[in-house]
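Going line by line, the protein sequences match chains A and B.
Throughout the first sequence, residue numbering follows my numbering, covering 1 to 175 in sequence.
Throughout the second sequence, residue numbering follows my numbering, covering 1 to 629 in sequence.
For the record, the hints were derived by calculation from the structure and aren't laboratory data.
One or more of the hints may lead you astray.
Derived EDC-like pairs: lysine to aspartate or glutamate, alpha-carbon spacing no greater than 20 angstroms straight-line [said to hold, decoys possible]: (1) B/Lys-313 <-> B/Asp-228; (2) B/Lys-306 <-> A/Glu-100; (3) B/Lys-376 <-> A/Asp-34.
Residues from chain B that keep clear of chain A, each with C-beta distances beyond 12 angstroms, as calculated [unchecked claim]: (4) Arg-135; (5) Gly-262; (6) Gln-266; (7) Asp-295; (8) Asp-339; (9) Pro-349; (10) Gly-566.
Ideal Cβ placement from N, Cα and C applies to all residues, glycine included.
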Amino acid sequence: MAVERASSSDAFGLLGLPAQFDLDPQVIERAFYDRSKDLHPDRFANAPAAERVVALSQSRALNDAYKTLKNPVKRAEYLLAQAGVTIGPNEKLDPAFLMEILELREELAEARVANKLPEVSRLQRTMAERRKAAVAKLQPLFDHHDLPAIKDQLILLRYLDRYLEECDAALDEED
Amino acid sequence: MLMQIAEPGQSTIKEACKQRVVGIDLGTTNSLVAHVADASPTVLGEDPIVPSVVYYGGHVEVGRAAAAHALEEPRQTLASVKRLIGRGLRDVEGVRAMLPYELEGDDRAVKIKLAGRAVSPVEVSAEILKELKARAERELGGPIEGVVITVPAYFDDAQRQATRDAGRLAGLEVMRLMAEPTAAAVAYGLDKGSKGTYAVFDLGGGTFDVSILKLVEGVFEVKATGGDSALGGDDLDRAIARVKFPALVGSGDPRDMARAVGLARQLKEALTEHDPATASNGADEITLTRAELRDIAQPLLDRCGKACRRVLKDAELSRDDLDGVILVGGSTRSPIVRDYVREVFGKEPLCDLDPDQVVALGAAVQADVLAGGQQKVVLLDVVPLSLGIEMMGGVVEKLIHRNTTIPAGAAQTFTTYADNQTGFDVHVLQGERETVEACRSLARFTLKGVPPMIAGMGRVEITFLVDADGLLRVTAKELTTGHEASIEVKPSYGLTDEEVERMLIESFEHAEDDLAARNLRIERVEAERILAATKQAFVTDAALLTADVRAAGEAAMRALETAMAGNDYLKIRGAIEALDLATKPFAQLRMNRAIDAELRGRTLDEVEADVAHGDAARHAQHAGTQRSE
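Go ahead and model the full structure; you've got the sequences and the hints to work with.
What follows is the structure, encoded as structure tokens:
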């Protein structure tokens with residue numbers, strides 16, 4: 001039922017960072033901390049109400065920007081969207097990959113039903129490795145400004161992330 | 001050193017609102033109050049630890065005096081109420097059997113049954129807060145103008161609101177609720193100059209929290225937090241009691257249960273220094289070894305371990321990324337807990353600061369920050385539990401995920417699900433599970449006035465906004481007409497956040513006279529009540545009055561009447577205390593005779609009416625001030 005997210009102003013601009021994929025996580029974090037020192041509502045605890053309201057919404061936007069940019073996949077999606085390329089809910093998938101992910105999910109579902117938690121953990125670790133490799137492929141694609149290839153890679157990553165979420169859910173069920 | 005940020009034109013404001021603000025650690029077992037003086041925080045009081053125990057006899061006692069009644073009158077001596085605050089009967093089933101006092105209420109709120117009445121955990125907590133407030137006012141020589149109260153990071157919204165209500169009921173201006181592990185990290189970060197990424201392992205009497213924080217110059221960021229708001233040292237005491245004193249536990253007499261738990265705690269604490277430890281149950285010497293304790297504790301420790309692994313995962317870190325592990329909470333004094341922490345994190349835990357004091361110290365620092373004091377550290381805290389709304393079929397759609405930095409916001413558009421649907425029900429939930437039943441319900445409201453359309457055509461945008469206090473505001477807006485409805489997930493005592501916000505702003509603007517006027521009002525009401533009750537008691541129980549107690553009592557009443565005519569609330573408070581003291585022998589006699597008429601005659605309704613009254617007085621005060629401007 002969810003259709004769209006609210007738009008926010010430019011995430012890179014809010015953090016004072018160049019709009020590029022290649023960013024050191026430490027640099028992003030540093031920028032976030034520096035901006036937070038100026039914008040956090042606690043710094044305005046004694047300021048007039050109007051200033052406090054502004055600080056609150058700026059701080060919210062800053063937190064949101066940081067959340068987007070610190071995660072490489074979200075950062076890539078954000079850059080892609082800025083370039084006018086969006087990823088819809090029913091994007092085409094490479095048939096070979098589709099077959100593979102379906103099999104993997106079946107395997108996970110079986111382990112889950114049988115309550116084989118070590119098996120779920122193993123599948124999760126394998127997938128986490130694979131995701132890491134898939135993320136690493138993004139940088140060269142950005143270097144070549146190959147937007148269609150970036151888009152394909154991000155679609156693939158969505159499937160991998162969804163799989164990892166299912167692993168988490170299975171492991172959390174033991175409560 | 002922390003960054004000092006100079007702000008032109010701000011210094012005069014800061015001078016003008018030089019505050020008496022404190023931090024309070026309102027613990028399950030013990031509570032403390034701390035204050036920042038000369039840039040470093042200290043706990044207040046010679047014996048800073050106030051046991052979180054309230055005794056309801058003919059009058060109310062708090063702390064050590066109250067705890068002294070625990071064995072004789074377990075049903076009137078309320079300990080560990082933090083486990084009940086903001087909880088419904090269904091939530092507390094697990095602890096219920098182990099508490100010496102009886103509960104009633106419904107699935108929204110529990111109450112504790114006393115002889116002849118019932119009190120809510122909010123009221124009991126307010127008594128503890130009043131005691132701490134009085135202590136701080138004595139030590140600092142004036143009214144407390146603002147307070148930061150700590151709560152377990154893993155407390156949900158209902159538990160937080162209830163804690164805030166308790167502060168309000170105690171006549172405190174609650175500037176912020178702060179997560180306990182965050183407070184601890186602040187104290188470490190400032191006092192020890194710790195920098196880097198730390199885990200805070202906080203095992204208190206009744207709650208367990210684990211947080212990962214990054215401490216850098218001027219900014220402390222909570223990376224992730226997790227825990228179990230119903231797991232603590234109390235559980236270990238009870239587990240030991242079940243194994244070691246089964247006869248006492250099984251007798252059905254709450255006094256036996258209280259004894260068994262007391263003995264279990266003795267054994268546990270003795271094991272910190274010796275191995276094995278012994279205690280007598282009256283008939284036999286009972287021995288407990290550390291190895292046995294470890295076995296008894298294992299299921300509880302496993303729950304801690306699970307939360308630790310999850311929080312590391314949420315922070316996207318491995319244990320090797322941590323620079324250290326900070327221990328907080330009395331239960332971390334136990335060697336078996338320390339061994340376990342070492343095992344889980346693969347590091348020698350830090351405990352240079354007193355684990356009992358460290359939370360209150362950090363809260364005092366945050367109070368100082370919020371009051372515009374000398375400390376200039378910014379705390380980036382997170383939402384501890386995901387927030388979402390109910391979808392068709394009873395599933396929960398999360399709008400803000402756990403461990404999102406606050407302030408935070410999220411908006412999503414939903415479509416109508418039936419033809420000609422004219423209303424849109426919004427049910428706000430908190431929790432990690434996917435079904436409505438497994439999450440905590442925070443609020444419900446209906447957006448009316450949706451124009452009739454075919455299913456799927458009506459579009460409603462739901463916005464969640466969480467402020468720096470962690471308070472949630474939800475808005476629903478119909479996108480074709482722009483029709484809007486919103487709800488604050490708000491304090492249950494009836495003030496909206498806007499009202500609170502306005503009062504807070506105004507109280508900063510008129511801090512001195514406003515608070516003095518309010519305190520004066522509160523003390524006068526209190527004085528009137530006590531005078532009336534004392535006069536009544538002197539008549540009805542005249543037989544119990546000795547001549548000198550009568551003379552002393554009457555002199556104290558005259559002094560109180562004189563003080564009430566003046567404008568100094570501290571004088572009134574002093575006169576009330578003097579009257580209490582003068583009539584103590586009389587009150588004791590009345591109690592002994594088991595008349596059990598309440599000297600103050602306060603009921604829940606009166607207390608609530610009193611709070612409403614105080615707020616009305618504050619409004620009137622503001623209105624007057626505005627007119628004069």
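Tested hints:
Under the criterion of a C-alpha separation no larger than 20 angstroms, the hint pairing B/Lys-313 with B/Asp-228 is consistent with the structure, at around 16 angstroms. Taking the CA atoms of B/Lys-306 and A/Glu-100, the gap is near 32 angstroms; set against the 20 angstroms cutoff, the hint is violated. Restraint check for B/Lys-376 and A/Asp-34: satisfied, since their Cα atoms lie roughly 13 angstroms apart, inside the 20 angstroms limit. Every C-beta of chain A lies more than 12 angstroms from that of B/Arg-135, the closest at about 25 angstroms, which supports listing it as non-interface.
Non-interface call for B/Gly-262 relative to chain A: holds, since the shortest CB-CB distance, roughly 32 angstroms, exceeds 12 angstroms. At roughly 33 angstroms from the closest C-beta of chain A, the C-beta of B/Gln-266 stays outside 12 angstroms, upholding its exclusion from the interface. Under the 12 angstroms C-beta cut-off, the non-interface status given to B/Asp-295 relative to chain A holds; the minimum distance is some 22 angstroms. Annotated as non-interface, B/Asp-339 keeps its C-beta farther than 12 angstroms from every C-beta of chain A; the closest such distance is 25 angstroms.
With 12 angstroms as the threshold on Cβ separation, the claim that B/Pro-349 sits away from chain A holds: the shortest Cβ distance comes to roughly 26 angstroms. Every beta carbon of chain A lies more than 12 angstroms from that of B/Gly-566, the smallest distance being close to 32 angstroms; the non-interface claim holds.
In this structure, the one hint that does not hold is number 2.
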